[in-house]
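Protein chains in written order, with my numbering: chain A, 1 to 405; chain B, 1 to 405.
Any given hint might turn out to be false.
If several chains are the same, the list does not tell them apart, and a pair holds so long as it fits within one copy or across any two.
Said to hold, decoys possible - No more than 27 Å apart at the CA atoms, straight line, and that leaves these computed lysine-lysine pairs for DSSO-like:
(1) K50 <-> K2
(2) K43 <-> K373
(3) K18 <-> K352
(4) K295 <-> K348
(5) K5 <-> K260
(6) K339 <-> K50
(7) K295 <-> K43
(8) K294 <-> K339
Hints listed in this document are in silico derivations from the structure and should not be mistaken for laboratory results. All values derive from a computational prediction rather than experimental measurement.
2 protein chains.
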Amino acid sequence: MKIPKGFTFSTAEAGIKKPGRKDLALIYSEEAAAAAGVFTTNKIKGAPVKLDIARIRSGMAQAIIANSGNANVCTGRQGMLDAVEMARLAAEGLGIDEDLVFVCSTGVIGTPLPMDRIRPRIHELAKGVNPAKGINPVKGRARTSIEDAARAIMTTDTFPKTAAKSFRISGMEVRIAAIAKGSGMIHPNMATMLCFIMTDLSIGKGLLQKALKASVEKSFNRITVDGDTSTSDTVLIMANGLAGNPPMAESSEGYAAFRKALDQTTGLLARMVAADGEGATKLIEVLVKGAATKKDALRGAASIANSPLVKTALYGNDANWGRIMMALGKSGIAIEEEKVDIYLKRLKIVEKGMSMGKDDEAGSLLRESKEIKLTVDLNMGPHSEEILTCDFTEQYVRINAEYRT
Amino acid sequence: MKIPKGFTFSTAEAGIKKPGRKDLALIYSEEAAAAAGVFTTNKIKGAPVKLDIARIRSGMAQAIIANSGNANVCTGRQGMLDAVEMARLAAEGLGIDEDLVFVCSTGVIGTPLPMDRIRPRIHELAKGVNPAKGINPVKGRARTSIEDAARAIMTTDTFPKTAAKSFRISGMEVRIAAIAKGSGMIHPNMATMLCFIMTDLSIGKGLLQKALKASVEKSFNRITVDGDTSTSDTVLIMANGLAGNPPMAESSEGYAAFRKALDQTTGLLARMVAADGEGATKLIEVLVKGAATKKDALRGAASIANSPLVKTALYGNDANWGRIMMALGKSGIAIEEEKVDIYLKRLKIVEKGMSMGKDDEAGSLLRESKEIKLTVDLNMGPHSEEILTCDFTEQYVRINAEYRT
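Just chain A, same shape as in the assembly (with noise of 0.2 Å):
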């Protein structure tokens, strides 16, 4: 994976989550960068989501510091001077502003940090990200690899997250890559999610906001796990130029090869996430076209893939269209029975709002699939919508019936 160029990363063990897993991490570009951010819509939002939205004003970072394991939500006062000292433990390790240091926490909520833990290790992750002494001497190479730091940032994640893109800009290479986490309270507006892009590309903190809510909008924000949303969700993305490219205007020929860069990483990412859902699996997509209105497909699709029923016969193998008939109707849009047509990947299972008898088929096909497409055509206009999701299992219970014990 290229990572790109000016970024380092490190990660420590803080005993935040069960002892011999790494929940912290640091990532570092050597270059203050031009920077943006995208946050939770949830009412309630931790300490760490109101200084970074406070922070983000200014359009630059060059750090970020997370935790996984406790989210620093609902800790009230020393919640805030929490994430505020670990910005200024951080920036003192750098010698940075400690303006330039954002803060992510994911995990439990209601529950103070353990500083004691933590404060101490700070100083250590600062070191790991000087390229004097992360750089492994025999190998070349950062002692702490892109794939460290998504481990580090992992709740009931089952595995690291991570995409990398590249494209050219009059012949200079520009690289982007990303982490995230998911794995519950995934929800469009966001999910519980934290994800951090890099990039070397030189841009404006103004276009890099814009670049980014329209990417989000498009990858983290069509998809679901449980219709939960969290209170720590945070996209963060940073810019630093090193790529060397003219610095980059809409009007810019690259912009475009940088959008759909950018595009694909969130977009890796999100289908990594939904697929990753708690207890999940099988990866859903849920497609609704020929909706009357945009607003119409996206509730359509949204109701199916947030319908308990639905997501429960899947994981059974049941191609169970009743349920997403029943999903469809609820959700309030315009829809005729008598004109929906149902797919399961190419199999047609409803036809006019009626069985083709075909359970066996798609009975089939579930077993054999991990991910599955469901197309919805309503027949009813020209617009469509699609949303990611995951099956719906015991397992998902369990990881939530136990999550603080």
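Place chain B on chain A using the hints.
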């Protein structure tokens, strides 16, 4: 249980459900009754629902024929022909006008009714409610009890649901009795739910409809299991006037007593439906008080009651109040984190948005309780609303993954 005068029941086994389980029920009033109904808001409606919506305009009913195991939804033109035929056969057997027969079906969506097995049972059902043949000559009671009828309309319900109340109007006893079934797709407006209410009250159809609507609003529209809304939800009431009271007007002395008895009846059944949510181990009452508006109170309570994360935590005996805060925050209502108090039963677990450190006590309370009351005080205003729900378990997933297998 005191049955309103003039109502009799019969049940039969048509092999729609598994062998050995009754799946047809007939409720008969010896006099044509004033009738009212409330139906699902889902845009996809079963054929029987469409038929009943048309018939209820007359405000008169004399019989309800119901089957479980198959909802007769998304079954096209044949579905409507089948619903009409069920009513006609029942009417023939009973010797009454077919427009006075209402049809309700609950169960799987999208599969045609097995009319070849249902048809021959309907005359048998009609014979069963005939007072001449239906009364056990030895015991002097109807052979089929109201519990039997309640059992015959069960799908994944684990127990039959019946309730009855009586009250007096100028010395005359008036009786109300009702049966209901749940237990997935349970959500306000309404539930995967059938409820049939019988009373011997004398009342006009307009006032009956008004009373029923108000009563449903406070009972079945205040429960949720999984946020899904069925295509078959139906509440019907028949009032045959055999109590002999002077026809009731809104200004009548007894109207308040009737409303109270009706609300108690629907309230009891709604509580049973929530407690018997698929896979549920706990009944959960979510009270949001101190809200700025009534709508905020309801939306806040619904968001908590529908959150899979809250419901799995309660299943795991974990008073994970951070998830309650998350659910409040995502609901979009007016909220200030530092004003929120949360109680588990009478134990205050959150004060001013922060933990009271009562996790262990709360865990014990949860472990020993089958009924949990969560009270959230937003401290923003005078409004409160309550919603009933249940916890969310592996068993819910299993039931719904295997429903059609």
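So, going through the hints one by one against the coordinates:
1. K50 <-> K2: neither (32 Å within a copy, 61 Å between copies)
2. K43 <-> K373: between (33 Å within a copy, 24 Å between copies)
3. K18 <-> K352: Result: close neither inside a copy nor across copies, 53 Å intra and 30 Å inter.
4. K295 <-> K348: within (25 Å within a copy, 42 Å between copies)
5. K5 <-> K260: Close inside one copy (20 Å), not across copies (73 Å); limit 27 Å.
6. K339 <-> K50: Cα proximity of K339 and K50: across copies only (18 Å, versus 47 Å in one copy).
7. K295 <-> K43: both (23 Å within a copy, 17 Å between copies)
8. K294 <-> K339: Classified as within: same-chain Cα gap 18 Å, cross-chain 39 Å, threshold 27 Å.
In summary, the structure is inconsistent with hints 1 and 3 from the numbered list given earlier, while agreeing with the others.
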